[in-house]
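**Q** Sequences are here, hints too, so could you generate the full structure?
2 protein chains.
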Amino acid sequence: MIASKSRSGLSVSGAFVEANVVDGKFITKVYKARRITKRFKEKSGIAQSKELKRRMDTFLQAAIEEARKGLAEGGIPIGSVLVLDGKIIGRGHNQRVQRDSVIHHAEMNCLENAGRLKASVYKRCVLYSTLSPCPMCSGAIVLYKIPHIVVGENVTFKGPEEYVCSQGVKVEVLQDPVCIQLMRDFIKTKPELWNEDIGE
Amino acid sequence: MIASKSRSGLSVSGAFVEANVVDGKFITKVYKARRITKRFKEKSGIAQSKELKRRMDTFLQAAIEEARKGLAEGGIPIGSVLVLDGKIIGRGHNQRVQRDSVIHHAEMNCLENAGRLKASVYKRCVLYSTLSPCPMCSGAIVLYKIPHIVVGENVTFKGPEEYVCSQGVKVEVLQDPVCIQLMRDFIKTKPELWNEDIGE
Chain A
3 MIASKSRSGL
13 SVSGAFVEAN
23 VVDGKFITKV
33 YKARRITKRF
43 KEKSGIAQSK
53 ELKRRMDTFL
63 QAAIEEARKG
73 LAEGGIPIGS
83 VLVLDGKIIG
93 RGHNQRVQRD
103 SVIHHAEMNC
113 LENAGRLKAS
123 VYKRCVLYST
133 LSPCPMCSGA
143 IVLYKIPHIV
153 VGENVTFKGP
163 EEYVCSQGVK
173 VEVLQDPVCI
183 QLMRDFIKTK
193 PELWNEDIGE
Chain B
3 MIASKSRSGL
13 SVSGAFVEAN
23 VVDGKFITKV
33 YKARRITKRF
43 KEKSGIAQSK
53 ELKRRMDTFL
63 QAAIEEARKG
73 LAEGGIPIGS
83 VLVLDGKIIG
93 RGHNQRVQRD
103 SVIHHAEMNC
113 LENAGRLKAS
123 VYKRCVLYST
133 LSPCPMCSGA
143 IVLYKIPHIV
153 VGENVTFKGP
163 EEYVCSQGVK
173 VEVLQDPVCI
183 QLMRDFIKTK
193 PELWNEDIGE
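Heads up: the protein sequence lines correspond to chains A and B, in order. Going from the first sequence to the working numbering is simple: count from 1 and add 2. Going from the second sequence to the working numbering is simple: count from 1 and add 2.
Please note: incorrect hints may appear among the correct ones.
For identical chains, the list gives no copy identity; a pair is met inside one copy or between any two copies.
As the list claims (entries may be wrong) - Below are the DSS-like pairs computed for lysine-lysine, each with C-alpha atoms no more than 27 Å apart in a straight line: (1) K190 <-> K172; (2) K160 <-> K147; (3) K190 <-> K147; (4) K147 <-> K192; (5) K190 <-> K120; (6) K172 <-> K192; (7) K192 <-> K89; (8) K160 <-> K71; (9) K192 <-> K125; (10) K89 <-> K190.
These are computed hints drawn from the structure, not numbers from a lab.
**A** See below:
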């Protein structure tokens, strides 16, 4: 694990460093990536590498778990979780095959599973998805005014992210290699199913 | 019933007029509105008043029937039908109350009920809705590349019609008084439910 000072704070690789001056002494604490919570990061204000973020993001991991569940069921491996104040309140995955559904994309399934929520709740949520939301899912995000989405990747498919941004939604794209590989492998084996899912 | 010649062809009120020259004679036929099919109108190329269109539109009537079904079930009165080559292949209505659903808006429910269709089928469809599609439903229309939507009204609520148009979808808004009244009455009695449905 290497930690080095940078302009923006501390750049890290596989670890996270908190630096403080206590009783005139420069004290550093090195945390292993898996122990660092999002809350800690936000509180510390210390800069964070994309790679570290990817590793640490337990919510993206939860979305990937959903994608894998879908794959195990013979479905399209796209997963999503809805997070409120640091807690997952909804999980879902694409159900095209499982339910013969044209509307249960991962994000839609996640929102449906989260149940009927007040507008004031949606406004405090972050929606995670392993893949860039398609126009339908993007529309649902805009409808419910979810202010922040974290996207596993948009290499395989890119939804109308500019439109979503223009509606005041913060869009973060992580280009997570696990998410990319999941879709790459799936599309290689079932291209027609993938095309159906994106209306092609 | 009155029919008068206009620049664009024949403007009509409650009737439809076909004009031809047969054996040197100018022949006109007056059809009652209810007997005029969409196909005939398209073939004839004769201009058509909005009012007549509204009366004739059996598909909008079918969407209104769906909205009324929803109302009778204690739900939000918005209905939709999917039309392929002049035949209804899917019907649906808002299911927020009935299914405790946040994704089964009328158009979504209609698309789900129509089942998994090929892209080549969606491309020949017209989607009717009693109310201007919200961002989510608009996104579904864009996703499946449905080329034409007919909207009962957008007085009560206006979805992102400009965005939908920018994606190559033809949007027709009829401002149907029955559709407007249905929503007006409903919102007066259950404003909180309506607000929830549009993420307010």
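**Q** So which hints don't hold here, by number, going up?
**A** 1, 6, 7, 10
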